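Residue numbers (our numbering), protein chains in the order written: chain A, 1 to 221; chain B, 1 to 499; chain C, 1 to 254.
Derived from the structure by calculation, the hints contain no laboratory data.
Remember, predicted model here, so these are calculated numbers, not experimental data.
Be careful, since some hints might not be right.
To be verified - Here are the simulated BS3-like pairs of lysine-lysine, each with C-alpha atoms no more than 27 Å apart in a straight line: (1) B:K100 / B:K124; (2) C:K236 / B:K485; (3) B:K54 / C:K114; (4) C:K6 / C:K165; (5) B:K179 / A:K208; (6) A:K48 / B:K208; (7) B:K481 / C:K6.
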Amino acid sequence: MSDARARILSRLRAAPPSPVPDLPEWRAPRFEASARLEKFRAMFESMKAEVHEVEAADWPLRLRTLLANRGVRAVVHGDGSATGGQLATAWAADPEAPRLVPYDRAIEAWKGELVHGIDAGVTFAIGGIAETGTLILWPTVEEPRLMSLLPPIHVALVAEETIHDSFAEVIAEQGWSKRMPTNIVLVSGPSKTADIEQTLAFGVHGPKELIVLVLRRAEAP
Amino acid sequence: MSVEAETNSPSHAASHTSSHASSHGGFAERAHVALNDKPLRANFRRAMDGLMVKRAAQFPDAADLQALRSLGAAIKERALARLPNLLEQLEARCAENGIKVHWAETTEEANRIVLGIFQDHGVKTVVKGKSMVSEEMHLNAFLGKHGIEAIESDLGEYIIQLAGEMPSHIVMPCIHKNKGQIGALFAKHIEGQGYTEDVDELTAAARKVLRDRFAQADAGISGVNFAVAETGTLVLVENEGNGRLSTTLPPLHVAVMGIEKLVETLDDIPPLLALLPRSATGQPITTYVNMITSPRRDGEKDGPREVHLVLLDNGRTRVYADLELRETLRCIRCGACMNHCPVYARVGGHTYDAVYPGPIGKILTPQIAGLDVAGDLPHASSLCNACVEVCPVKIPIADILVRLRREAVRPSPSKAGSGAVKGGGGGWTLSEASAWMGWKWLHANPTLYRLGTRVLALAGNLIPASLPPLKAWTTVRAKPKFAAKTLHQLARERGYDDV
Amino acid sequence: MSAMSKPATVPAERPKTVYYFGTCLVDLFYPNAGMAGMELLRREGLRVVFPQGQTCCGQPARNCGFFEEAREVARAQFDAFPEPWPIVVPSGSCAGMMRVHYPQLFADQPDRDKAEAFAARVFELSWFLVHVLDLKLTDKGEPVTVTWHASCHSMREMGVTDEPKRLLRSLSNVTLVENPRERECCGFGGTFSVRQPEVSAAMVSDKIDALRSTGATEMITGDCGCLMNISGAMEKAGTPMTGRHLAEFLLERG
Numbered sequence: 001m002s003d004a005r006a007r008i009l010s011r012l013r014a015a016p017p018s019p020v021p022d023l024p025e026w027r028a029p030r031f032e033a034s035a036r037l038e039k040f041r042a043m044f045e046s047m048k049a050e051v052h053e054v055e056a057a058d059w060p061l062r063l064r065t066l067l068a069n070r071g072v073r074a075v076v077h078g079d080g081s082a083t084g085g086q087l088a089t090a091w092a093a094d095p096e097a098p099r100l101v102p103y104d105r106a107i108e109a110w111k112g113e114l115v116h117g118i119d120a121g122v123t124f125a126i127g128g129i130a131e132t133g134t135l136i137l138w139p140t141v142e143e144p145r146l147m148s149l150l151p152p153i154h155v156a157l158v159a160e161e162t163i164h165d166s167f168a169e170v171i172a173e174q175g176w177s178k179r180m181p182t183n184i185v186l187v188s189g190p191s192k193t194a195d196i197e198q199t200l201a202f203g204v205h206g207p208k209e210l211i212v213l214v215l216r217r218a219e220a221p
Numbered sequence: 001m002s003v004e005a006e007t008n009s010p011s012h013a014a015s016h017t018s019s020h021a022s023s024h025g026g027f028a029e030r031a032h033v034a035l036n037d038k039p040l041r042a043n044f045r046r047a048m049d050g051l052m053v054k055r056a057a058q059f060p061d062a063a064d065l066q067a068l069r070s071l072g073a074a075i076k077e078r079a080l081a082r083l084p085n086l087l088e089q090l091e092a093r094c095a096e097n098g099i100k101v102h103w104a105e106t107t108e109e110a111n112r113i114v115l116g117i118f119q120d121h122g123v124k125t126v127v128k129g130k131s132m133v134s135e136e137m138h139l140n141a142f143l144g145k146h147g148i149e150a151i152e153s154d155l156g157e158y159i160i161q162l163a164g165e166m167p168s169h170i171v172m173p174c175i176h177k178n179k180g181q182i183g184a185l186f187a188k189h190i191e192g193q194g195y196t197e198d199v200d201e202l203t204a205a206a207r208k209v210l211r212d213r214f215a216q217a218d219a220g221i222s223g224v225n226f227a228v229a230e231t232g233t234l235v236l237v238e239n240e241g242n243g244r245l246s247t248t249l250p251p252l253h254v255a256v257m258g259i260e261k262l263v264e265t266l267d268d269i270p271p272l273l274a275l276l277p278r279s280a281t282g283q284p285i286t287t288y289v290n291m292i293t294s295p296r297r298d299g300e301k302d303g304p305r306e307v308h309l310v311l312l313d314n315g316r317t318r319v320y321a322d323l324e325l326r327e328t329l330r331c332i333r334c335g336a337c338m339n340h341c342p343v344y345a346r347v348g349g350h351t352y353d354a355v356y357p358g359p360i361g362k363i364l365t366p367q368i369a370g371l372d373v374a375g376d377l378p379h380a381s382s383l384c385n386a387c388v389e390v391c392p393v394k395i396p397i398a399d400i401l402v403r404l405r406r407e408a409v410r411p412s413p414s415k416a417g418s419g420a421v422k423g424g425g426g427g428w429t430l431s432e433a434s435a436w437m438g439w440k441w442l443h444a445n446p447t448l449y450r451l452g453t454r455v456l457a458l459a460g461n462l463i464p465a466s467l468p469p470l471k472a473w474t475t476v477r478a479k480p481k482f483a484a485k486t487l488h489q490l491a492r493e494r495g496y497d498d499v
Numbered sequence: 001m002s003a004m005s006k007p008a009t010v011p012a013e014r015p016k017t018v019y020y021f022g023t024c025l026v027d028l029f030y031p032n033a034g035m036a037g038m039e040l041l042r043r044e045g046l047r048v049v050f051p052q053g054q055t056c057c058g059q060p061a062r063n064c065g066f067f068e069e070a071r072e073v074a075r076a077q078f079d080a081f082p083e084p085w086p087i088v089v090p091s092g093s094c095a096g097m098m099r100v101h102y103p104q105l106f107a108d109q110p111d112r113d114k115a116e117a118f119a120a121r122v123f124e125l126s127w128f129l130v131h132v133l134d135l136k137l138t139d140k141g142e143p144v145t146v147t148w149h150a151s152c153h154s155m156r157e158m159g160v161t162d163e164p165k166r167l168l169r170s171l172s173n174v175t176l177v178e179n180p181r182e183r184e185c186c187g188f189g190g191t192f193s194v195r196q197p198e199v200s201a202a203m204v205s206d207k208i209d210a211l212r213s214t215g216a217t218e219m220i221t222g223d224c225g226c227l228m229n230i231s232g233a234m235e236k237a238g239t240p241m242t243g244r245h246l247a248e249f250l251l252e253r254g
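Please put together the full structure from these sequences, using the hints given.
Okay, structure coming up:
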């Protein structure tokens, strides 16, 4: 194995050098503050995702309404995450509410249930990207990776002020290169395919529906 | 639209069975079969027309597009210029992050590495995200021979796996099939599934089957679209979510990539992401961009406990050794070149009899498999440059096609002494070489040329249409008519100065 | 190293004398088209020099991989066009060979400078008429509907975009109907047409369908390779449509 490594590297080093060009200037698109959310919404809607603006404090109840007619019986949420806590508190008094399931064990301990038995997953997104209509999921111990992938409905919360213009801006401003986590996923709609005659079909492997809740900052008193 | 294009590269021009093209004979023979397959031609034409329109709609501003292409080309050029150092950097970062890196010179070696990892873990079934490098390795067949079942999970790949075929497009592998053909295939292979042409029903049927497979799989295999040397991050793009599942749900993840898939920094990713899905399928971004930097860390509840990365050479270092040919390695596997190729649109992917079809395949396959094996591919082009115009990283495909034609005739020297391209030098016949010799003699001597052309003006129309080049020409075209006087004669008669 | 489009630039001063490179295909099969281009230039007051020593740009050999042979023939053209005058070419493909590929072909040769200087002087005819001469036409012809076939190399090597169509549209009695596959190759490709005759035939057949869908009676193009391919296929199939080189059409109408 190490021989292969040495031989590959030595062949590459024996090749004639080529110039290392400078990268030409390029600026990702920018949006006026007033147009940013509209772009974010329009891009998502064009990809068959729903975008709802809600007051930060009201989202659990709003979600309850949104899920009411979708036959949702079990919802997975973060264990110990702020999102999960808010959801549990708000829905506790509602006997009709879907069953809440915290992601509180390693996947191996409940794979069957998460793969087949959960209807929706609620996660927090650390930000959004207006240009492409994208959520940035940065999974954590509390909100693991599969929550946003296995259930047929994915609900993502994103704070309005964390919606940026472009991916390039996010990476640079937040210094990602110094602190990459296990996994980051950019999500720009429900799971889809066009492998059969270029006809779009949703939910081929991941969620069939994506519901984005944009949390508005409470007005300053 | 699985823009899960990803990983990689060249092929092995090994023979493969396909639905419509025999793997015997040359490109022209296989094209003959494809051209006479009406449903196949309709499937490709419809798909390619749609993809061209969708791509164009994504790049409304020509200047923006050119700026982005220049940047894309420069990013890949820089990465290639620093390739050995970046590979070492990637390996070091991956090691720090807990990803184990393996190196393979050949596909056989890569297959052995993957098998070894699986055997160490007692793996019986594997789910695969879409990976062109794994196609290049013929990994599924290899694992199958060793008792490990590999299940393709990208819908298009799943379909062709059921059909026992190979991809006909690097991004849309089953683009050659229509829903009727797929409906019949599902009815035959999926228990309890009746015949349907409803795309939603077909998709749901695949989801059901594959969902169980994901849950049972002992390991996942994926390709890599971009590997970031700076952070040791593997970037995978896809629409279906099967790539995320393959790399998250099973306890073990093995990624395979060609050594050219590197970029220097994380900042290189956004512009490449702005090019890849838009060029490939005309979508602003893929549904998922999956960035993997490590296996599951302590306390985390999901993700594979082990991640392995296999770096494959398979002839890439030889391509790298020549500065002009090296530009081939910029490819980000978007497929725009085939979507815009007038030849590909008519003959489809299987006619190329290689893992990578279309224009990029025409330059990649002969370099990997050898000109002696795939020497007719560089000639299966009208050099129209449509591919060059759309390539997001500005690969001069037409120039490389001509370069390969030259290598087939007269190999340029290489350090290794075996010519710049594998199998070069044998692609000419005595009659062809003599014809060009005569052509040169006539056209490098103006007096002879004028004499010769006057003779043709007088008597050229007597040449019978049954002579070889004319014979092919006149199958669908009238015989060209020599004019009674050449332009040289007319110019002189009408008083145009000679000097 | 990479051949991309290399559009020409307008000379600072309007030239008084130009060279004309007729191309071998025009020389043998379409001399009237070649002559029409010369007449158009002469009519604009230019002295047009047609060196009798010219032969072929060398593209056929280069495209088949016979670079040495192509270089020998290219060198004969360097000798035939010694003065620093613009070289106008009634073919995007031959112009592309000289403008884009000569510098590549001679990159490691002792006469590289000569090749580059020659390449820099090459203009495609329609581009030259529009940008350098600002050609104005007054239509003398009967009403006619035509469609335009763009040659791949004029578009993608010489950077000719809408120049030919601007000229056609400037003719008051000419209706130009664009065909739906204007940017797609007609399937000629030099030796491609005989090495892959069936693929080439499928391409030209689709091209003809697209041209006919416009309802035009005539196809106009700027490259005699495409013309020979498309017209030849139309003739063989008995298609009620004809093809003509742009220069011939413009000279007759305007």
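* **Those earlier numbered hints the structure runs against, lowest number first** => Violated hints (numbers, rising): 3, 7; every other hint is consistent with the structure.
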